[in-house]
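Visitor: In case you want the letters, here they are:
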Amino acid sequence: MTGPRRLGLVAAGATLLAAAPISSIFDTWKWLMMCLLVVGLIAGAAFAARSLRFPTWAQAASMIVVLLLMLTWIFPSGHEFLIPTPSTFGHFADLFTQAGQDTRSYAVPVPDRDGLLFVTVLGIGSVAIAVDLLTVVVRRPALAGLPMLAIYSVPVAVYIDSVPVLPFIIGAVGFLWLLVSDNIDRVRRFGRRFTGDGRDVDVWEPSPLAAAGRRLGVVGVAAAVLLPLAVPTITGGLLSRLTQTGTGIGNGTGTGTGGGRINLFASLSGNLSQSETVELVRLTTNETTPFYLRFGVADQLTNVGFGSRSPSGSSVAAGMPDPRTGNAGGSYQEFTADVKVSDRLNQGMLPIYQNTVSVDGIQRGWFYDNNQQVVYSNRNSTKELEYKFTYVRARYTPAELRQAEPLAPDDPIVRLNTAHPDDPTVDALVARLIAGKTTEYDKIRALYDYFSSKNGFTYSLSTQTATNSSEIAAFLKNKVGYCQQYAAALAWMAREAGLPARVAFGFTRGDSREGNTYVITNKNAHAWTEVYLRGFGWIPFDATPSAGVRGAARSDWAPDTELPAPTTSSSTATAAPGAEASGPAANVERPDRPDLNEPGLAGSTTTGETSNLGTTLLIVALVALFLALLLVPALRRVLLRRHRYAATVPRVTSLTEAQAGRPDVVVTAETTKARQDAHAAWDELLDTMVDFRVPLDPSETPRVTAQRLIKDAVLVDQSAAGATLLGTAEERARYARKPLQGGELTAALTQVRRGLARSATRRTRLTAAILPPSVLLRWRVALAESSTKLLGAGSRFRDVLSRFSPRRLLTHRSR
Amino acid sequence: MTTPTWDEPGGPLPSEDFRAATTAIMANIEQVIEGKSATVRLALAVLLAEGHLLIEDVPGVGKTKLAKALARSIDCSVRRIQFTPDLLPSDVTGVSVYNQETRDFEFKPGAVFANLVVGDEINRASPKTQSALLECMEERQVTVDGTTYELQSPFMVIATQNPIEMEGTYPLPEAQRDRFTARIAMGYPDPRAELAMLGGHGAHDPLSDLRAVADAGLVRRLIATVRDVHAADAVQQYAIALVTATREAPEIRLGASPRSTLQLLRTAKAFAALEGRDYVLPDDLQALAVPVLAHRLIPTADAQLNRRTTDAIVAEIVHRLPLPHDRNRSPYDTRNTGGAQQQYEPRGR
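If you read the sequences in order, they're chains A and B.
Under the UniProt record's numbering, the residue at position 803 of the first sequence is numbered 803, and the numbers go up by one with no gaps.
Under the UniProt record's numbering, the residue at position 322 of the second sequence is numbered 322, and the numbers go up by one with no gaps.
Bound conformation, chain A alone (with noise of 0.2 angstroms):
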């Protein structure tokens, strides 16, 4: 087989390691069937087109031919036998609208949904085209890492906080495998491999030549695995996790959303990102300030952030139970609802309203959780359903609520939806808001008025999805957000406290109506805090300001915080139920929010600023650290001047004479003193010599060194006394019987030094001062002999390893 079919065939295997990372999208893998298929028969296609000699322009055609016509066979429109019509086309288009939707409204992994099957499909076929092109025709194969990156990015863009790596190792394999063909090919191309030892080598032995090669390779990956460590990042930072002072930062592994199921969350910022307006429901109620339509809730709060819980319950035909039953207050008010739901909603969940009572009109396979009350079902969709529904409104007033009792501790309810993160901030932060409160409610409403504007709190659309618990804790310092995160970081503050609480999903009142039948539309998607009080059930908080939602609802037992008396909240609250009900009531909570407002509001502005400051101290701290590492050189190599210095300051010493007759080496113990000072005293002038960058050759006696030295530096007098001396000294401790005693030599080092200053330049004299080239230069060196050694002791372990590989079994092949 020729280079270029083999490696037509080897990119089409790299695409399909490459396309792992789909893996973590989809729930089955039926998309890696179609994909095995489409991108086998696109090689098939490129091999048969090499094979016949077509030119570079037939070969691409070949291939996009074969993409469209398994497209259509596998996403027939069903007007068409194989060859594709216009229909077929407006097919796709379908298809595509179809994957736009969703993607918006399901979480992954997704189940084998046609328009996202069909993107994909279409999308690995278009990257293994573009790959078999660039690595093929082009001869590039390292851009064809590019629309292989791309298939990365799916997963990357759709897991908000971790993306699993192995998908990502796989695909570098791939990649790897991808470059690695082409270079044997290339090296084929040569002929004989050259490998400088003049003996043949085969393909798969390591040429002598690469060892550079790997070493570069090596020292630019683990570049590539070390610095973004460093480099902060938004939340995966080795630095913001530093400077984060939350603790409960994670990676936990359990998501909370069932397999198939719609992640509340994204669907609901899917929604409200949206850039259309679609109309979802249509409804009509007798009752005159309905509240929030709800469908859905999250009631688990881990590290990741809220998830819900896979709901469970019986048949709606079993009927549903009435909350006016064992409820300990409130009054409550028997309504009906028609909803009409358009073809754009298209979830197993039934939008109803709170204490819903009976639904008629829906078909079987509809169940109702009384533990999340919900209406859900596992088959059936609400597209296109019409239905009934009676409900029941309840109503309570902050005294009626007030006198709720706290749970026992080991109640079901408190330990399903208390448990949450750890987060000193939050901690801090919800002792000191529900300090000196004694009741439930008013722990609640303590909370609940902490999101208003006065404490900084503004509602924006274009912020980060809260899914994760640190983005919580971080809504709560930013202070910007919109309807999800207000719910989720009042549902963790209410656990903090002790309450049970959770997120429910659902729609405004919509922005408008006719009659008494409400539209509401994808803008209207909107969630909230619901807070279980003993003997009330679950009770609706939404602090999110309502300025920012479309077709918002207050009640009274949570009035609206951007308001400035509750005296007039009975006439701005007309929409809200129970608007009718005391003003009294709420009248006696207006006292507490002046107090409640002013500490939250210093405290949390302490915290950013502490916050401010920690960092502003740590990069001033890792300024001053940058700064000591770049003294360090100068600093060793004073201490290293002073070392020896020290050795060579000239003490009183009596000279021995040598012993008459033959005299040989003389080693005393003064002798010997002598000769390491002699030593210390030269080595400082190399060091010198060095740093003022005099060139140093190792071939030159000391005589000669020191001759040069007064010659090319311009010493005169005493300098190049000095030099002289130092070069006697060192002379004589080498190689003469007795070394040169006395010598004045750390006097003649700086005279030597200051010669050599006054002759530098001042940039030589700058760098000699701060970066001594001497202490760099031996540090590079010992950096390269410990590099040498490591690759060293590879070497001869791979020598070891290859006394095992069974090619060496094979006989040689002949090329």
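Bear in mind the hints are in silico, worked out from the structure with no lab data behind them.
Please note: incorrect hints may appear among the correct ones.
[To be verified] Going by beta-carbon spacing under 10 angstroms, a handful of chain B positions derived as facing chain A: (1) S208; (2) P282; (3) V318; (4) R320.
[To be verified] So the derived list for chain A, only partly shown, Cβ under 7 angstroms to chain B, looks like this: (5) K523; (6) A736; (7) Q741.
Just so it is clear, CB atoms sit at the ideal spot from N, CA and C, and this is done for glycine as well.
Fit chain B to the supplied structure of chain A, relying on the hints for placement.
Guide: Then chain B, alone, in the frame of chain A:
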């Protein structure tokens, strides 16, 4: 009184006496050879290193004059051999002749039986005659008709040769060249020295005025002093490294012999002593490497084609070979622990 053998040179001299004696000899020679103190010093160093000297240069630069001046300065037996193509080995070594009176063979000593033997134009004799010097130069003895005769001490052969003239000359065989400790070139005198020469030599030959300033006994003691000069381990290693480098240099077909290592170190000792030191420096070896090693080497055909003289090759080796250290390696020492071997990777062998 028995003739002192080579191994009993007498006691070493104190450094002052040594300095006085050597300075006197050198000053004496420089009366004849002006402006060549380095050459003179080298010649004297060879004498004190118990070696033999080969003076090689173009005609008329004073080769013979140097040899004669050195011989004259020392009060000892001097013999001169004019090497001609018809010279016979027996003329050099001596011959046994039949004495009719004693009715026995009697040994007539040849020209080598002297302290200083000046061999002029040595490459004009046939190799057969040149080879007559082999034994006496190395072993300081002459064997004729199975009888071995010891030569006197000190014994030194000073030969001159002309490298340019090829007609009627026989290049010295390698074995012969290797026996010469050093080959020196005279070089042209500088203009000032030449002017002084014109003034002096115009009137009379200064050689005839030369008085001996030393005798054989003094020279023996000088030699003993030189033997006492200290050569540190590092210096000895350096000498070996230098010689090894010539053996491994790619441009050289035949490197220096172990004998040359010995002679290099001996000459270096003499050189150091002449400078008033009692220890050898690598500087001495560097200064002596070309005169002591270059004439023994045979360059490859490539090097000859490139007009690379052995002098230049040795000078380059000296320039490139790093010094050995007798202590820990300096960080600026970029060579590997393998030392000199790394510098000259054997190629093409």
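Visitor: All hints, please: hold or fail.
Guide: A quick look at each hint next to the structure:
1. S208: Nearest chain A Cβ about 41 angstroms off; hint violated.
2. P282: Status holds, d = 5 angstroms.
3. V318: holds, 7 angstroms
4. R320: Cβ of R320 (chain B) sits 6 angstroms from chain A, so the hint holds.
5. K523: violated, 72 angstroms
6. A736: holds, 4 angstroms
7. Q741: Violated - the Cβ of Q741 (chain A) stays beyond 7 angstroms from chain B, reaching only about 15 angstroms at its closest.
Violated hints, in rising order: 1, 5 and 7; the structure is consistent with all others.
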